[in-house]
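Peer 1: Here are the chains, one letter per residue:
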Amino acid sequence: MKETVITSGRMNPGIDPVLHAWGWEIPIYLFLGGVVAGILFFAGLYYIRGKSEQYKATVKIAPLFVPAMLSIGLLALFLDLTHKLYFWRLYTIIRWESPMSWGAWILMIVFPLSLMWIATFIEDIFPNWDWKFNFVKKTVTWLTGFQKWMAWGLIITSLILGMYTGILLSAFNARPFWNTAILGPLFLVSGLSTGTAFIMLISKSHEEKSKLGQIDLVLIAIEIFLIIHMFMGFLASTEVQIHAAHMFLGGPYTAVFWTFVFTLGLIVPFISEALELKGFKIPVVIPAMLVLIGGLILRFIVVDAGQSSRWLYKFVEQLQ
Amino acid sequence: MARYAMAIDTKRCVGCADCVVACQTENNVPIGYCRDWIVQDTYGEYPNLSMEIRSERCNHCDDSPCVRCCPTSASHYAEGGIVLVTHDECIGCKACITSCPYDARYVHPEGYIDKCTFCIHRVKEGEDPACVAVCPTHCMIFGDLDDKNSEISKVLRSRKYKTLIPEAGTKPHVFYLL
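In the order they appear, the protein sequences are chains B and P.
Going by our numbering, the first sequence opens with residue 160, and the numbers climb by one from there.
Going by our numbering, the second sequence opens with residue 106, and the numbers climb by one from there.
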């Protein structure tokens with residue numbers, strides 16, 4: 160038998176007895192970052208494939224929501240900082256080893272790029288739009304000539320953005336539950352899936368909705384594969400990672416994860432989109448909302464569970 | 106170049122926590138926080154018990170995940186491999202807190218991230234860190250690993266020792282003599 164006690168009584172706020180450095184702000188941001196990555200990826204993709212008119216919601220309308228989503232996400236990140244007045248320090252240096260540094264810089268590219276993208280399409284969507292100043296109008300007309308380049312830019316940066324939301328967590332080997340290379344691809348695919356779900360909600364074209372539903376079906380299948388693969392990897396790994404997996408296989412996260420994320424967030428939308436493909440009439444709002452809510456809960460659970468998994472001082476486990 | 110490290114003799118440590126109090130006083134650590142702490146591992150079953158007592162703190166690792174993940178380079182290696190946080194470069198993103206397998210860091214009430222500094226201000230003056238200086242059993246040794254004749258180099262050549270979770274790959278520089 161072995162019993163560990165901190166006899167000097169360490170109780171640093173936010174650290175003990177269980178790490179709670181990151182609260183609601185980080186999962187909200189990771190979720191919105193994922194949705195944005197999904198929206199921008201498909202906007203760029205369908206523009207390049209020459210389907211801007213056919214898939215109007217994907218290419219032109221959904222990106223209109225991106226700046227607001229990014230702003231809310233960035234506001235959440237800002238609220239999470241504890242030394243807020245120094246946030247600009249992020250932009251005085253590029254640190255290749257720090258995923259948070261690339262995240263900050265990639266957002267510096269994605270945000271203006273999304274604004275430029277929207278600007279070049281806004282007159283298509285709002286025919287009475289008036290730029291008021293002539294130089295703005297001229298700049299936008301000039302930018303319109305670069306739409307193809309911007310579309311490629313969107314595809315590349317959105318993939319990096321979607322991937323980084325997972326790598327941000329997986330780079331921490333101190334938290335065994337996060338320390339898996341699967342997390343990057345998992346968050347990317349989940350982001351693309353929530354992005355398609357969002358576009359499906361706002362699209363009015365039946366053809367577009369059905370195409371996105373088919374894409375989402377594939378994305379959900381990949382997500383299910385990655386989740387199973389992630390747990391297989393944990394169970395085949397070291398003690399701390401086996402322990403991390405057991406938090407979801409009988410431990411405190413079991414019910415919430417397998418009910419809300421796996422069943423309601425993946426399996427149910429998968430079945431309903433598959434039935435839709437077979438010709439059954441299912442309102443698109445059902446799979447789309449389930450995917451979005453499932454994606455949000457996934458991020459909350461992953462951020463929380465990572466902080467509960469550790470190498471040392473397993474006091475809570477000792478009590479069980 | 107020096108490489109500072111600490112060796113703590115678990116056979117001598119009685120867990121009095123003088124080091125914890127000395128640190129709090131020396132570094133003006135806010136009330137309710139600590140940069141070092143005493144861990145007591147008890148093995149066996151009554152009446153056959155054995156105990157290992159350790160004074161723990163930031164391990165000033167050679168390959169520090171906190172330095173690697175810091176987006177602003179506020180967390181950095183100072184002289185002698187001491188890991189420090191520059192307060193006015195720190196944005197308080199807490200990436201370093203989550204990256205530390207030893208949970209050695211915390212958010213200072215003033216917003217920046219804080220932790221053990223190996224009392225670099227004392228070390229620069231040629232003194233021992235406060236925790237080492239006050240230890241009543243002289244179980245803690247601070248010194249330069251690059252100096253083959255330093256007390257710490259000698260003791261690490263002659264005694265068995267361990268570091269905490271070396272499998273995390275951090276190359277910690279607080280050694281526990283067994």
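No lab work stands behind these hints: they were computed from the structure.
Positions of the beta carbon are idealized from the N, C-alpha and C atoms, including for glycine.
Take the hints with a grain of salt, since some may be wrong.
25 Å max Cα-Cα, derived SDA-like pairs, lysine to any residue [to be verified]:
(1) B:K243 / P:Q145
(2) B:K161 / P:E215
(3) B:K215 / B:T298
With the Cβ distance kept under 10 Å, some of the chain P side facing chain B (calculated, not the full set) [stated by the list, open to error]:
(4) V172
(5) T203
(6) C205
Output of the computed footprint for chain P on chain B, the stretches with three or more beta carbons under 8 Å from beta carbons of chain P [claimed, not checked]:
(7) 173 to 179
(8) 222 to 230
(9) 267 to 281
(10) 306 to 315
Peer 1: Would you mind confirming whether the straight-line C-alpha gap from K243 (chain B) to Q145 (chain P) stays at or under 25 Å?
Peer 2: Answer violated: K243 (chain B) to Q145 (chain P) is near 37 Å, above 25 Å.
Peer 1: Between the segment 173 to 179 of chain B and chain P, see if three or more residues pass the 8 Å beta-carbon test, and mark the coverage as holds or violated.
Peer 2: holds (count 4)
Peer 1: Could you check if C205 (chain P) really has its C-beta closer than 10 Å to a C-beta on chain B?
Peer 2: holds, 6 Å
Peer 1: Using C-beta distances, would you say chain P covers the segment 267 to 281 of chain B, given that this needs three or more residues below 8 Å?
Peer 2: This one is violated; 0 residues, fewer than the three required, reach chain P with a Cβ under 8 Å.
Peer 1: Three residues minimum, CB to CB under 8 Å: does the segment 222 to 230 of chain B make the cut for coverage by chain P? Let me know.
Peer 2: The restraint on the segment 222 to 230 of chain B is violated, since only 0 of its residues have a Cβ under 8 Å from chain P and three are required.
Peer 1: Quickly compare the C-alpha distance for K161 (chain B) and E215 (chain P) to 25 Å and report which way the hint goes.
Peer 2: violated, 38 Å
Peer 1: Under a C-beta cut-off of less than 8 Å, do 3 or more residues of the segment 306 to 315 of chain B approach chain P closely enough to confirm the stated coverage?
Peer 2: violated (count 0)
Peer 1: Against chain B, run the beta carbon of V172 (chain P) and see if the smallest gap drops under 10 Å.
Peer 2: At about 8 Å, which falls below the 10 Å cut-off, the nearest Cβ of chain B leaves the hint on V172 (chain P) intact, so it holds.
Peer 1: Regarding the hint that T203 (chain P) lies at the interface with chain B, is the smallest CB-CB distance below 10 Å?
Peer 2: holds, 5 Å
Peer 1: Just to be careful, I want the Cα atoms of K215 (chain B) and T298 (chain B) compared with a cutoff of 25 Å; is the pair within it?
Peer 2: Holds, at about 23 Å.
This entry does not satisfy hints 1, 2, 8, 9 and 10, going by the numbered hints stated previously.
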